Amino acid sequence: MTQATAPLAGAVDKARQPWVSATVVQVERPTSARPGDSAVVHADGRIEGFVGGVCAESTVRMHALQAMATGEPVLLRVVPGEGETPPDGDGMVTVHNPCLSGGALQIFLEPHLPRRRITVYGSSPVARALADLSRHVGYEVTESEDADAALADETTAVVVASLGRIDEPALLRAVGAGVPYIGFVASPKRGGAVLANLDLSAEDRARVHTPAGLDIGARTAHEIALSILAELISLHGSSGPAASRHEAPSDEAPAAVGEAQGAVATAVDPICGMTVAAVAATLHSEHDGVVAWFCSEGCLRAFEQDPARRGGARERSTAST
Amino acid sequence: MDDVLDQVQRWVADGRRVALATVIGTENSAPRDPGAALAVNDEGEVAGSVSGGCVESAVVIEAMEVLEAGVPRRLSFGIGDADAFAVGLTCGGTIHLFVERVDW
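Chains L and Y, in that order, are what the protein sequence lines are. Residues 0 to 320 (numbering that gives the first Met the number 0) make up the first sequence, in order. Residues 0 to 103 (numbering that gives the first Met the number 0) make up the second sequence, in order.
In short, the hints are calculated from the structure, not lab data. Where hints are given, some of them may not hold.
[As the list claims (entries may be wrong)] Example chain Y residues on the side facing chain L (calculated, C-beta under 10 Å, incomplete):
id : residue
1  : Gly34
2  : Glu55
3  : Glu99
Given the structure is predicted, the values throughout are model-derived calculations rather than measurements. The C-beta atom is built at its ideal place from N, Cα and C for all residues, glycine as well.
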């Protein structure tokens with residue numbers, strides 16, 4: 000939490016740009032980084048700040064992008080030398096970095112992701128209660144009485160509770176936008192009748208939950224709102240940040256380094272053998288249509304100066320993936 | 000942590016000095032997951048939580064010391080730790096914390 004992270008703390012909600020804070024929490028000397036040093040990793044892999052030189056940076060970039068994809072924080076241990084260590088579990092990962100100069104680093108990577116979005120149509124007591132509770136639960140809430148307005152991008156949920164005023168157009172808009180959760184607050188009788196009259200396929204009609212919410216015996220507006228949030232969470236995971244963590248089977252062992260992990264493309268540095276993120280912010284060069292990725296200028300230079308190594312390197316790179 | 004950062008930003012904007020304790024690792028069953036954070040300002044005000052109450056008071060004292068000295072610390076509280084008994088982490092797990100002064 001040094002100056003590097005200041006402009007971005009809180010900015011995620013305004014710009015909806017995910018970022019990862021990287022903080023050095025422990026070092027075994029010799030290292031150039033000190034505990035408390037920190038950096039920001041942007042979604043495109045750019046790094047601002049300092050977490051221990053260009054070698055550590057390439058490791059941080061790859062694991063930060065993975066944390067961004069999973070939504071889970073990671074305690075990264077970067078140790079010198081070659082080799083692979085299986086994931087430690089409990090959010091800890093050990094990575095061997097052949098280009099590190101002796102010391103070891105522990106770096107905490109925490110993804111900061113945009114909040115999930117819910118749009119509530121109507122100004123009924125249930126609509127107001129739902130908007131209120133959704134904020135507490137951690138959603139970014141839009142209250143709307145205008146079904147003509149487009150829904151915000153990445154809207155996770157739409158709940159229609161307008162007591163008949165704009166129910167039909169709001170439902171059509173939500174279905175048309177492919178919103179994952181659509182709830183319609185109405186009695187079973189009215190809900191069924193409204194849906195039956197909408198010009199929708201049976202499949203699309205089945206996507207609308209009505210009456211919205213789990214049957215918990217809710218009576219008051221806030222209780223109904225609670226039942227709707229409970230249904231939303233039960234079907235679409237935590238209200239927390241918009242990451243893919245709840246879609247991934249949790250009991251599956253993490254993929255080995257070198258394989259594609261989450262949404263992050265990786266490659267092996269042909270010189271030092273380190274796994275790096277294959278993104279534009281990583282050093283790379285292209286020969287004969289083949290792109291090679293590097294942890295540092297040193298590796299890039301060694302590669303460029305030695306065509307024989309290029310050939311051998313490609314074999315190695317292929318063999319290890 | 001983002002909820003706590005909002006409060007940290009308000010404090011910093013008001014000219015307060017702030018220390019931040021973040022859960023960076025857990026073992027076994029721990030009350031809060033990595034990323035949970037607690038912030039303390041130089042008037043002793045506290046926001047957030049790192050242990051659901053178990054070791055909060057001990058963490059606040061450490062954070063106040065970090066706020067004064069400016070040197071970050073790594074702390075662990077666990078059941079095998081006599082100190083943890085003293086401060087009451089009864090949940091059976093271990094939490095690892097990083098405590099730093101916010102330098103914005």
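Are any of the numbered hints broken by this structure? If so, which, sorted upward? 2
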